[in-house]
Structures are given as C-alpha cells and as structure tokens.
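Novice: Sequences listed follow chains A and B, in order.
Going left to right, the first sequence walks through residues 1 to 84 as my numbering numbers them.
Going left to right, the second sequence walks through residues 1 to 464 as my numbering numbers them.
Keep in mind that the hints were calculated from the coordinates and are not lab data.
There may be inaccurate statements among the hints.
Distance windows between CB atoms, simulated [as the list claims (entries may be wrong)]:
(1) 80(A) with 453(B): 21 to 31 Å
(2) 54(A) with 321(B): 43 to 53 Å
(3) 54(A) with 55(B): 31 to 41 Å
(4) 49(A) with 459(B): 13 to 23 Å
(5) 77(B) with 49(A): 35 to 45 Å
(6) 56(B) with 30(A): 53 to 63 Å
(7) 77(B) with 36(A): 47 to 57 Å
(8) 19(B) with 36(A): 53 to 63 Å
(9) 28(A) with 436(B): 47 to 57 Å
(10) 58(A) with 29(B): 42 to 52 Å
(11) 30(A) with 55(B): 26 to 36 Å
(12) 322(B) with 82(A): 15 to 25 Å
Every beta carbon over 12 Å from chain A, so not counted as near; a handful from chain B, in silico [unchecked claim]:
(13) 72
(14) 75
(15) 157
(16) 159
(17) 333
(18) 340
(19) 353
(20) 369
(21) 398
(22) 424
These stretches of chain A come out as covered by chain B in the derived footprint (C-beta under 8 Å, 3 or more residues) [to be verified]:
(23) 16-22
(24) 66-79
We put the beta carbon where it would ideally sit given N, CA and C, even for glycine.
Below, each chain spelled out in residue letters.
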Amino acid sequence: MASVQERVKEVTARVLKVDPGRIKPTDNFAADLGAESVQSIELVATFEEEFGIEMDEEEALSVDTVSSAAEFITKVCREQGVEV
Amino acid sequence: MTTLNKTHPLVDTTEPNLLEDTFDYNLPPLIHFEDHPAIEYIDGEPVEFDFNSVKSRDIVVTDTTFRDGQQARPPYKVEQMVKIYDMLARLGGPNGVIRQTEFFLYTKNDRETLERCRALGHKYPECTGWIRAVKGDFRLVKEAGLKETGMLTSSSDYHIFDKLKFKSRKECMDSYCEVVDAAFEAGVRPRCHLEDLTRADIDGFVLPFVERLMEMSSQVPDEQSVKIRLCDTMGFGISYPNAKLPRSIPKLIYKLNRELGVPSDRLEWHGHNDFHKVHANAATAWLYGCNAVNGTLFGFGERTGNPPVEGAIMEYIALKGDLCGIDTTVIRELADYMRSIGLPIPDNYPFVGKHFNTTRAGIHAGGLRRNERIYNIFDTAKLLGRPPRVAITDKSGADGVALWVNEFFNLKGDQRISKIKVHKLARWVMDQYEVEHRLTAISDEELEAKTRELMPDYWAKYKG
Numbered sequence: 001m002a003s004v005q006e007r008v009k010e011v012t013a014r015v016l017k018v019d020p021g022r023i024k025p026t027d028n029f030a031a032d033l034g035a036e037s038v039q040s041i042e043l044v045a046t047f048e049e050e051f052g053i054e055m056d057e058e059e060a061l062s063v064d065t066v067s068s069a070a071e072f073i074t075k076v077c078r079e080q081g082v083e084v
Numbered sequence: 001m002t003t004l005n006k007t008h009p010l011v012d013t014t015e016p017n018l019l020e021d022t023f024d025y026n027l028p029p030l031i032h033f034e035d036h037p038a039i040e041y042i043d044g045e046p047v048e049f050d051f052n053s054v055k056s057r058d059i060v061v062t063d064t065t066f067r068d069g070q071q072a073r074p075p076y077k078v079e080q081m082v083k084i085y086d087m088l089a090r091l092g093g094p095n096g097v098i099r100q101t102e103f104f105l106y107t108k109n110d111r112e113t114l115e116r117c118r119a120l121g122h123k124y125p126e127c128t129g130w131i132r133a134v135k136g137d138f139r140l141v142k143e144a145g146l147k148e149t150g151m152l153t154s155s156s157d158y159h160i161f162d163k164l165k166f167k168s169r170k171e172c173m174d175s176y177c178e179v180v181d182a183a184f185e186a187g188v189r190p191r192c193h194l195e196d197l198t199r200a201d202i203d204g205f206v207l208p209f210v211e212r213l214m215e216m217s218s219q220v221p222d223e224q225s226v227k228i229r230l231c232d233t234m235g236f237g238i239s240y241p242n243a244k245l246p247r248s249i250p251k252l253i254y255k256l257n258r259e260l261g262v263p264s265d266r267l268e269w270h271g272h273n274d275f276h277k278v279h280a281n282a283a284t285a286w287l288y289g290c291n292a293v294n295g296t297l298f299g300f301g302e303r304t305g306n307p308p309v310e311g312a313i314m315e316y317i318a319l320k321g322d323l324c325g326i327d328t329t330v331i332r333e334l335a336d337y338m339r340s341i342g343l344p345i346p347d348n349y350p351f352v353g354k355h356f357n358t359t360r361a362g363i364h365a366g367g368l369r370r371n372e373r374i375y376n377i378f379d380t381a382k383l384l385g386r387p388p389r390v391a392i393t394d395k396s397g398a399d400g401v402a403l404w405v406n407e408f409f410n411l412k413g414d415q416r417i418s419k420i421k422v423h424k425l426a427r428w429v430m431d432q433y434e435v436e437h438r439l440t441a442i443s444d445e446e447l448e449a450k451t452r453e454l455m456p457d458y459w460a461k462y463k464g
C-alpha cells in the first residue's frame, strides 16, 4: 500500500489539477499549490473519502502543508482505527 | 481648546465581553443614557433634558396608516383596513403601545370602516377622526361617536397666505380658534395639526396660537383639552444639538411643553422622510418631551413617507428595556399581508424586507455559522419569525452554502452539517460563476434541486 504521504500527494494532484511530480512535502496548499477556498474544502472531503475517516472541520482546515496533512491524517486514522 | 492626554491601557482578557447588558439578543439592542441630563442652550440659557425619564413616561405610538398612509397609494378596501386595524391592536398589545389611529369620515366606506373596526371590541388603538378645519365637519365626528379628531391648522406663512389665502395671521388664527370652539361645543377633543411647523414663524405665529389654545382649553374639561400634533410636513426637522428654530426638534418641543405648558401627553410628533431623517427625528421627539410619535406601517405615506410604526415599536422596546406586551411577530404578519395587497416593500427594508437579514458575503456567512449573533441584529427568528438567511452568490463560499443547507434542513446545534459535507454543492455554485459565467444570485429553488441531487443521503434523512 502506498504511504499516507503518497496518497495525500495523489489526492492533492487530482483535486488541485497539478502534476503530482511537482508536489513537495513542504508545499503550502494555498500559497504554493494554488488551492482556493472551495478547493480546500474539496481536499478535506476527498481525504476523508480516500482514507475512510471523519475529520474535524476546523482542525482539518487549519492544516496547511502536504507533510502536516499527512501527519494529521495518520493521527486521525490511528484514533479512528483505520489501518494505513 | 484644551486637549486631554488620556492613556488607554489594554484590558486584556481570555473571555469575550459581549456587552450583553446592551446587546441582549432576546430584545432589540437597548438604549442606555448617562445618569446626568442632556443640556441644550435655548435663548442663551442651559436647559436640562432627562432622557432617562422616557422609561417611566407613557410614550406611545399613534397610527395614521389609514390617513397619511392612504394618501400615498390606491384606497384600501374596507375589509383590508379592518384586518390591518386588528393586527395593529395585536402588535401594540394590551397596554396600548399603539394608542390611537385616525380615520377619514367623509364617505360611506370611511364610516363603515370605522364601525367595523370598533365592532372588533379592541380597547386599543383608540379610533379618532381626521377632518378639515371646517366647523360643519364636527357633525361627522359627533355622528360617528368619536371623542377626538385631528384637524389641519397649518402654521407656516406658505400655507396661511399662499394655500389658505388668509389676509393676515390674525384672520387665520381667529378662523382656527372658531373651529376649535366648534369642537368644544360638539363635546369633541380637537387635535390641532400644526402643518409645516418646521418652516413656520415660531415666535410670530405658532407660540401665540398655541398659547391661545391653552387658554381656551382651560375653560373646558380636561378630556377635551386641545392636543397638538407637531407636523414636520416636509421633513425639514433636525435633531442635532444647537440647531436653530424652526427646524430644531428639541427647541420646538421645549417651547410648547415647557414654555407654554402643553403637557407631554398632549404632544404628538408627525414627520416625513424627505431628508432620510424620519425615524431618528421621531425618536428625538420622544426624548425631548413629546409623548406620542405618529407613523404609518412601513413608512408609507405622502411623498417619502412617515415614521415607520414598526421602527417606532422597536425603538420603544429599546428605550423601555422590555417588550411591554408588544407582540413583535405581528410585524412580519403585517408585512406579509401588506405585500399581498400590493404594498411594495423593498428587499433591503429593515425588519421586513425580503433580504433584511440575508448575508451574501462568505466571510459573513462564516461568522453566522460560528455564532448567529455576529451578523444578526437580534434574535430575528424569535422576535420577527425570520431566522438569518444567506443568499448564495459567487461571494458565498462554502460557509454560505453550509449555512443555507443547514437552514434548509432546519438543523441546529450538533446536528448541523459541516462545510466539508457540502463540498459538491459548493463546487456546483462556484462553477456557476467561474465556468458558466453566471451573473445572477442562485435561487432557493435551484439550490433545493441541486441539494437533492448532490446530497441524496442527507435529503433522504431530513426531507425524505
């Protein structure tokens, strides 16, 4: 199974319509990858679908980089008993 | 002029101060005055006005929807006036905050309206008449069994000389006083409407006239003493401190109330909105000693209209600090009814406009989602039957869409759907503008259809 970070990159590329090869862990979703308001919501929703988890809206939307998203999702998966 | 160098250290806190002694969400925001009186210089002398007295004074609203209000639109049908009168009674409550209303008396319809309103048996609003300042018209008042009637006693030289064609002010005053005498003889209380007061020669005509009316009133029982309606016919009245007569509302009321001794409960303010001042001017009149404010529903009246009755009602509650028996939900009923009979209320009209508490900006919608009080003036759902709404446009964002969806499904508290869950609907909205280049707001009907399509599980759960 692909790592959490790889899956986060793949979802990000799909939602934001960017080349996955371009995405770096330190990239900020808004500043570096051009995520606008609705796209940020779509990212969180797609992460939820991808990983089968429910995220707190405010906490999820405060995560701003690819690597911190991977960390946050890993934590939530552990809390919700989802294997990654 | 000295400047005070005061420092203002930050008062830090980790708990928000929501100023709830003023912004009690269950009422319109309360109006608090300082403990010391306001001072206005009048004729070179400082005069004190205790605004806190408004809490204990019997301030009231009087209505002229069927008179001035009817001058600005096609005539109401009898049954329409009876229904509106019934709702005015419910709005003002058992304490008669809406104390009186006035009716024409000239036609068969006028008289039938009055009869049917009185047959409803409401103590308030009391029914009064409105007639020309013509002696013979008192017959109509007496036949109708009314105890009080308004009559025009125009007070500016524009009216005295140019409209009424009197040869002198004395001739005019004598003519008015003859009619007042006729009122007394008929056993009716005359309410003299000082038309165009804010453009009149106050010292030269108005004060001598009212002085004479007071003297005449001293000869009759108290319940017949003349009432005075201060008519700001052209909207020239000004509330500002230090404004001069004849436009200064504080000075006008002071002259009548304290110099001439007309009691506050026999003074009534009637304004017009030609300079956007109508509501503030009416509230000012209350503060400076005029107990009654005369208005029309939703401000509809001659030209730019009159003090809106519903505005005066909200101001009343804010000044008194209590509902005082008023049923504010009737304001919405009245608006719905008036629209149904053709009264055009603008969408952004306070308290009753279709979008008076609709937010369009996404950032405002975000605030509303966190705490309704952030962008809603008071509990509009409770007081007006109108929860805050969001209009969906290109500015709404996911916050706006989430707010709309939660309101549509009537979800509260923990039941509310997060904005993450509405992402498909939010995307559809955004694409309407960015991809389809739409220019208009998205209607509720469209959003309902799309919600059903894009959020089928929620639809089934809450609408199924």
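Novice: If a hint holds in the structure, say so; if it does not, say that too.
Specialist: Each hint tested on the structure:
| no. | hint | in the structure |
| --- | --- | --- |
| 1 | 80(A) with 453(B): 21 to 31 Å | holds, 29 Å |
| 2 | 54(A) with 321(B): 43 to 53 Å | holds, 46 Å |
| 3 | 54(A) with 55(B): 31 to 41 Å | violated, 52 Å |
| 4 | 49(A) with 459(B): 13 to 23 Å | holds, 19 Å |
| 5 | 77(B) with 49(A): 35 to 45 Å | violated, 60 Å |
| 6 | 56(B) with 30(A): 53 to 63 Å | holds, 58 Å |
| 7 | 77(B) with 36(A): 47 to 57 Å | holds, 55 Å |
| 8 | 19(B) with 36(A): 53 to 63 Å | violated, 36 Å |
| 9 | 28(A) with 436(B): 47 to 57 Å | violated, 30 Å |
| 10 | 58(A) with 29(B): 42 to 52 Å | violated, 29 Å |
| 11 | 30(A) with 55(B): 26 to 36 Å | violated, 53 Å |
| 12 | 322(B) with 82(A): 15 to 25 Å | violated, 56 Å |
| 13 | 72 | holds, 46 Å |
| 14 | 75 | holds, 52 Å |
| 15 | 157 | holds, 63 Å |
| 16 | 159 | holds, 61 Å |
| 17 | 333 | holds, 38 Å |
| 18 | 340 | holds, 39 Å |
| 19 | 353 | holds, 28 Å |
| 20 | 369 | violated, 10 Å |
| 21 | 398 | violated, 5 Å |
| 22 | 424 | violated, 8 Å |
| 23 | 16-22 | violated (count 0) |
| 24 | 66-79 | violated (count 0) |
Hint violations for this structure: numbers 3, 5, 8, 9, 10, 11, 12, 20, 21, 22, 23, 24, all remaining hints satisfied.
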